[in-house]
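S.K.: When you get a sec, could you build the whole thing from the sequences and use the hints?
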Amino acid sequence: MTNSNQTLAIKEQLQACRSKEETFKTLVTLSKKLPRLSAEEKIEEYKVKGCESAVWLITEETNNIRHFKADSDAKLMRGVLVAVLSLVEGKTIAEIQAIELTNKLVELNLSSYLTSSRTNGVLAILKKIASN
Amino acid sequence: MAFDPSSLRHLFPILSLQANDHPLIYLDNAATTQKPLLVLDAIQHYYRNNNANVHRGAHFLSNRATNHFEQARETIARFINAPEQSHVIWSKGTTEAINIVAFGLEHLLEKGDEILITSLEHHANLVPWQQLAFRTGARLRVLPLTSNGEWEDEFSQYFSHRTRIFAATQVSNAIGVSTPLQMMLNYAKQQGAFTLVDGAQAVAHYSVDVQALDCDFYVFSGHKMYGPTGIGALYGKNHALEVLIPYQTGGEMVRKVSYQATEFNILPYRLEAGTPNIEGAIGLAAACDFLCNQDRSALLKWEQSLASHVYSRLHRETNIEIYSPEKNTTLVSLSVPNIHILDLNAYLDSQGIGVRAGSHCAQPLMAQLGVVGTLRASFACYNTMEEADRFCNVLLEAIDLLLDDE
Ligand SMILES: Cc1ncc(COP(=O)(O)O)c(C=O)c1O
Numbered sequence: 001m002t003n004s005n006q007t008l009a010i011k012e013q014l015q016a017c018r019s020k021e022e023t024f025k026t027l028v029t030l031s032k033k034l035p036r037l038s039a040e041e042k043i044e045e046y047k048v049k050g051c052e053s054a055v056w057l058i059t060e061e062t063n064n065i066r067h068f069k070a071d072s073d074a075k076l077m078r079g080v081l082v083a084v085l086s087l088v089e090g091k092t093i094a095e096i097q098a099i100e101l102t103n104k105l106v107e108l109n110l111s112s113y114l115t116s117s118r119t120n121g122v123l124a125i126l127k128k129i130a131s132n
Numbered sequence: 001m002a003f004d005p006s007s008l009r010h011l012f013p014i015l016s017l018q019a020n021d022h023p024l025i026y027l028d029n030a031a032t033t034q035k036p037l038l039v040l041d042a043i044q045h046y047y048r049n050n051n052a053n054v055h056r057g058a059h060f061l062s063n064r065a066t067n068h069f070e071q072a073r074e075t076i077a078r079f080i081n082a083p084e085q086s087h088v089i090w091s092k093g094t095t096e097a098i099n100i101v102a103f104g105l106e107h108l109l110e111k112g113d114e115i116l117i118t119s120l121e122h123h124a125n126l127v128p129w130q131q132l133a134f135r136t137g138a139r140l141r142v143l144p145l146t147s148n149g150e151w152e153d154e155f156s157q158y159f160s161h162r163t164r165i166f167a168a169t170q171v172s173n174a175i176g177v178s179t180p181l182q183m184m185l186n187y188a189k190q191q192g193a194f195t196l197v198d199g200a201q202a203v204a205h206y207s208v209d210v211q212a213l214d215c216d217f218y219v220f221s222g223h224k225m226y227g228p229t230g231i232g233a234l235y236g237k238n239h240a241l242e243v244l245i246p247y248q249t250g251g252e253m254v255r256k257v258s259y260q261a262t263e264f265n266i267l268p269y270r271l272e273a274g275t276p277n278i279e280g281a282i283g284l285a286a287a288c289d290f291l292c293n294q295d296r297s298a299l300l301k302w303e304q305s306l307a308s309h310v311y312s313r314l315h316r317e318t319n320i321e322i323y324s325p326e327k328n329t330t331l332v333s334l335s336v337p338n339i340h341i342l343d344l345n346a347y348l349d350s351q352g353i354g355v356r357a358g359s360h361c362a363q364p365l366m367a368q369l370g371v372v373g374t375l376r377a378s379f380a381c382y383n384t385m386e387e388a389d390r391f392c393n394v395l396l397e398a399i400d401l402l403l404d405d406e
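Quick mapping for you: the protein sequence lines, in order, are chains A and B.
Counted the way UniProt numbering counts, the first sequence spans residues 1 to 132.
Counted the way UniProt numbering counts, the second sequence spans residues 1 to 406.
Be aware that one or more of the hints could be misleading.
Result set (SDA-like, lysine to any residue): computed pairs, CA atoms no more than 20 Å apart in a straight line [claimed, not checked]:
hint : chain 1 : residue 1 : chain 2 : residue 2
1    : A       : Lys42     : A       : Val82
2    : A       : Lys32     : B       : Gly354
3    : A       : Lys20     : B       : Tyr206
4    : A       : Lys20     : B       : Leu17
5    : A       : Lys32     : B       : Glu397
6    : A       : Lys20     : B       : Leu396
7    : A       : Lys25     : B       : Lys92
8    : A       : Lys33     : B       : Leu401
9    : A       : Lys47     : A       : Arg66
10   : A       : Lys25     : B       : Ile399
11   : A       : Lys128    : A       : Ile65
12   : A       : Lys20     : B       : Gly354
13   : A       : Lys32     : B       : Leu403
14   : B       : Lys327    : B       : Tyr206
15   : B       : Lys327    : B       : Asp28
Listing some non-contacts, in silico: residues in chain B with all C-beta distances to chain A over 10 Å [as the list claims (entries may be wrong)]:
hint : residue
16   : Asn51
17   : Asn63
18   : Thr229
19   : Ala240
20   : Ser258
21   : Asp343
22   : Asp349
If you are wondering where the hints come from, they were derived from the structure by calculation, not from laboratory data.
Every residue gets a Cβ at the ideal spot worked out from N, C-alpha and C, and that includes glycine.
M.R.: Printed below as a string of structure tokens:
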């Protein structure tokens, strides 16, 4: 599957969810697509602050193209990461910054992950993804 | 005859909400309880009929407001069996009450003095003492209570002639166990320490008698006992309150002010700077009335039966670890190895069930238990056995969905 096909498939799966329960089950399924990080990669430097579950995000840049690796100790968060990374993987920083990531997540029925409560770190992840 | 929660569920209109397309099941009562109509009505009634500032201008409404406000103080005093209503100081809640004491006693502490707490404390009954220790050079010591809350002889060594303050919770918010309070208070008093009891998790369930406890200070929050948020109380013995240096100063707490000096007012006003939370006080008094009109021991028995029912259903499951006791508790605190509590929480939420997943503001205790957090279902008088069973069923479903097949 090409990258954009994959993004489309993830989008369709999430948009088809009609309840929190369906979103939950879809995120569990999506979580399995996330390659796990090794213990050596799960270091403080890559940890995203502000998440109640532990989240690590590694950004690599070659020829201006950004590549991301991420992991979390919580399964749903891994599902959310699959959805988020599908929107930004392989893009330039300028392209990423032009995406309204929070709006995209609302379209994907993930708005409950965006509430800026103490327990939520998805906004912190988005910020890190789009940082210069 | 067994207590029937349907006899009072109709007093809590919020309980009939739908949550995520399911009937709401509210099991986060240790964080805050829902409020009965009596409390909502008392607040409305106050604003519709009696609103004015208290203790100021002698006019019709101000007199009415002041009377209701001071009657509320009397109700709280009766609720905890305080000998005098002037021994009840209004606060925002438990946290503020503890801070009033921690700042108020600072002038009595010297380098090398000891402040003793237990290992089951909420951060609210830990951080203010730790910071006080930093400011004064006193030493913070921690009595290592185990999760079954039993008294062990070796604990007595933690009390020394340097123990100036002993602060302990009556009931743990994180694991629901009652502490060996009377025993600890006896040792602390033998050393001449000031004693403070954190009653935040006790007041909704147990009848409190501060004179029987014989502690210097007793603190609690209204919102955990069916009252409004932003109001709570600090009870103190007369001499204990008298030695406190006011933590806040300003209007209301003074008698005479010049540019050179200020003469403070008498208790309780001395420790209540600024316009108080009048609606909160009135709402909290209504919550006391609500509780006192119930058969409180029947309520407690019911809440404990819900928790022990959940315990007995879940403790047989090999992959569930339970940290709360089997009996004599109103909550169940658990974790499932290899499944994140936030994932369990998310599934329960998708089914309309509200619980709490996290460290419960007790990170050192979580470290002692070897977990980052637990999932806590905490019960109130309006919860039903069907709700307790549904919690168990949905939790087991969640475990099935989340258990690793990778
Ligand atoms: C045992 C205990 N102490 C203190 C507190 C703090 O109470 P408040 O946030 O109402 O000040 C809580 C509330 O979670 C508690 O459970």
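S.K.: Could you work out which earlier hints the structure fails to respect and list their numbers in ascending sequence?
M.R.: Hints 2, 3, 7, 21, 22 not satisfied by this model.
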